[in-house]
Amino acid sequence: MSEEAQLILNAMQSAVIEELQRKAKLGYKAVIAGRRGEAKVVSARYVVRRLRAEGLLAVPASK
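Residues 0 to 62 in numbering that gives the first Met the number 0 are what the sequence shown lists, from first letter to last.
For the record, the hints were derived by calculation from the structure and aren't laboratory data.
The model shown is predicted, which means the values in this text are computed figures rather than measured ones.
Watch out, some of these pointers could steer you wrong.
[Claimed, not checked] Straight-line C-alpha distance at most 25 Å; calculated PhoX-like pairs for lysine-lysine:
{"hint": "1", "residue 1": "K28", "residue 2": "K39"}
{"hint": "2", "residue 1": "K24", "residue 2": "K39"}
{"hint": "3", "residue 1": "K22", "residue 2": "K39"}
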């Protein structure tokens with residue numbers, strides 16, 4: 000993958016993660032692909048938790 004493509008991908012991933020975190024705080028739902036490709040409606044908070052568990056999202060610092 001070219002350097003430019005990687006920068007674009009990183010920017011898009013950051014935007015999606017930021018929006019998911021915002022939706023999770025507001026209690027919104029998210030649509031994800033299931034194991035067989037079917038659409039599943041889950042809470043945005045569930046998606047954020049999964050991203051943190053997989054190490055794709057930093058754990059917020061405690062207050």
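- Hint check against the structure, violated hint numbers in rising order: none
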